[in-house]
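From first to last, the protein sequence lines are chains A and B.
The opening position of the first sequence corresponds to residue 1 in my numbering, with each subsequent residue numbered one higher.
The opening position of the second sequence corresponds to residue 1 in my numbering, with each subsequent residue numbered one higher.
All clues given are correct.
Covered stretches of chain B (chain A as the covering partner; in silico rule of three or more C-beta atoms under 8 angstroms from a C-beta of chain A):
| # | region |
| --- | --- |
| 1 | 66–77 |
| 2 | 88–95 |
| 3 | 101–107 |
Sample of chain A residues lacking proximity to chain B, with all beta carbon distances greater than 10 angstroms (derived):
| # | residue |
| --- | --- |
| 4 | Pro5 |
| 5 | Gln7 |
| 6 | Leu19 |
| 7 | Ala70 |
| 8 | Ala98 |
| 9 | Leu111 |
| 10 | Leu115 |
| 11 | Ala126 |
| 12 | Gly145 |
| 13 | Leu169 |
| 14 | Ala215 |
| 15 | Ala232 |
| 16 | Val309 |
| 17 | Arg364 |
No wet-lab data here; the hints were simulated from the structure.
Cβ atoms here follow ideal geometry from the backbone N, Cα and C, with glycine treated the same way.
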Amino acid sequence: MRTLPVQPVLAALALLGLLGFGWLAVAPNRLVSGTALSSFAALHFWVAAVALLLVAAVPISPRRPALACAALLAALGVALWASGAAAPPLLEGMPPAARVMAGPGFWLFLLTLLLMLTEAARPAAALRRTMPLVLLAMLAALWFGGALDALSLAVEYRARAPQLQDALLRHMLLSAAALALALVLFVPLGWWGFRASRAEAVLGTTLGLVQVVPALALFGALMPLLGALLRAVPGLREAGLETIGATPALIATALYAGLPLWRGIVVGLGAAPRDLVEAAEGMGMTSRRIDWELRVPLGLPIFLASLRVATVQCIGLMTLGGLVGAGGLGAIVFEGMAQFATDLILLGALPVILLALFVDGVLRLVEGRLARWRQ
Amino acid sequence: MAAMIRFAGISVNFGDGAGLRDIDLDVPEGALCVLVGTSGAGKSTLMRLVNRLVVPSAGTVTLAGKDIATRDPVELRRGIGYAIQSVGLFPHRTVAENIAIIPALLGWEKRRITERTDALMTMLQLDPALAGRYPHALSGGQAQRVGLARALAADPAVLLMDEPFGAVDPIVRRALRRELAAIHRETGKTILLVTHDAEEALELATLLVVMREGRILAQGSPLELTAMAADPFVRELLGGAGLPLRRLDLLHVRDAVRPGEPEAMAPEIDADASQLDALRLMLEHGATSLVVTEAGSAVGALRFADLDGRGRT
Ligand SMILES: Nc1ncnc2c1ncn2[C@@H]1O[C@H](COP(=O)(O)OP(=O)(O)OP(=O)(O)O)[C@@H](O)[C@H]1O
Ligand SMILES: [Mg+2]
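Isolated chain A, as found in the complex:
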């Protein structure tokens, strides 16, 4: 099969972002969108450097992945640095509440460039590991070096740093707790589903139905349901359950993560080939031993993949916890929405995305390491 020419298409989109839309916006305060500024107006001749690096990366991408990555990282670095440097002069003479925000062109460029980087690193295994590290180091250098300090997201961050750090920590704890709850509930159910095909059919349908319910509706519906439950069984309230806050968020998130986990267990346990199981039986392995020494190790890649999916899902869905008073990064996102403050929304949403990507990457690494006995 011929692969699509991904890089040229992405490069065209990135150029469109760079040249076609507003790159920055200058606004009198954080709640209005302000007047758009093209990249030429904001970055001057640096636009040419960015565009050149971007275009140069395309033809060399398949054969010289390292060089292509370097060119793309340079394009990204220059674009970010020049944007940061453009902000202070723009703010001169403006009131203190004035801000320089990233415009739609900036975000389109950023997104497509990150995709191009992933695509460029794909052919070389070593690059797939080092490129994200270099990217992170570069972003950290720009951020901590103060190059981006004048942009509105950084301003917003400085105003909210302690709150954001608390929210991030709480978000991680809540996600971990939801995942733990899902594991406790659905791993045994998965085992049961594997053993009994009737159970599998019923459980599979039920968990599938949960996925169909819009997440927002499930989070919302849980509050009155929990309220009714707590009125009926007052003892539960004393045990720490509440109608708002962490309880509904944990339950809803765990229910969503249930399907991938449960399915992973059922499919993973069934992954051992029949003749292998039969050989084990013929050698006098008890069915418990066959489970532990054959089914579990052979299902491990599938278990891990489903754990990864469930974890990422927990991190993402926990954002909705902000709606039911559970706190976490979602609370910041929804506060931003209520104020129509784009920067605040981004301040809550970006860490969720980064956290999910990070966890996904780490778990993928673990998966790759484990399968020593496979090709």
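We have chain A already, so just place chain B with the ligands on it with the hints.
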């Protein structure tokens, strides 16, 4: 000799007519019993009765005089070596770990397991460097040797082998077959073997069982079953037009030798050679008789007309 494995009045019912019917078979201790038959005849099913992977709908299977239905299946299976065509090596265990599966189940000490594994790898001519490899990195022939080693690991008195030399080239196949014959000779184990290779069946069997559609069609020594009178299906299965030659391969020159002077200039052949070798020599030299020698000195003559026992009738 006492029967090591006895099938008495066995029927297995899989529904829709498949299964086994009216099976009576005694496998003597130390026998190498080969099951042959068309695909779906029930060979594997018959074999799997012995380690209770299949439960009969009627009849009993006795092992060393004991009804296996009264035995704990797990403990029973640990005492029986089982090798299958697809080999069934655990992909996540190394070669050494695979061989050690049953000894580990039996709770042997670590040192004893290592010694046994090393000994088996030597016996089956597996390079010691392979011990730490995973099965995906083995050739088909190596994998089958490992499968055989695993079946032999706990030194079981009975070995069940379901097409153990399936996926290898004819040369490796022959080498494996010779190794199996040697193991059988040296250990005196009772072996039940399924094969689709008639040459292999005739060479290895001390007891040959022909199956068709869930029944035993014929059983006996290879010589008995290759005799002219045997059932046409049996003859077809065991070699068709090539059968007379395969039969000659089973017979020894010694059994057809007659005393007396051979013709002058006749080629010499050892008394222990097969009659097929004798025929080959006759064809090569255009001779109709051979000088039979034993330890280098002539003991008599072999004439063309005496091949396959025809001279005696
Ligand atoms: N567990 C089972 N359930 C239902 N039918 C079965 C089962 N095992 C075997 N059979 C059927 O019983 C018959 C005999 O099968 P068996 O595997 O013993 O044949 P075989 O002689 O070993 O064939 P092959 O040479 O192809 O391996 C076949 O028709 C098969 O489909
Ligand atoms: Mg079979």
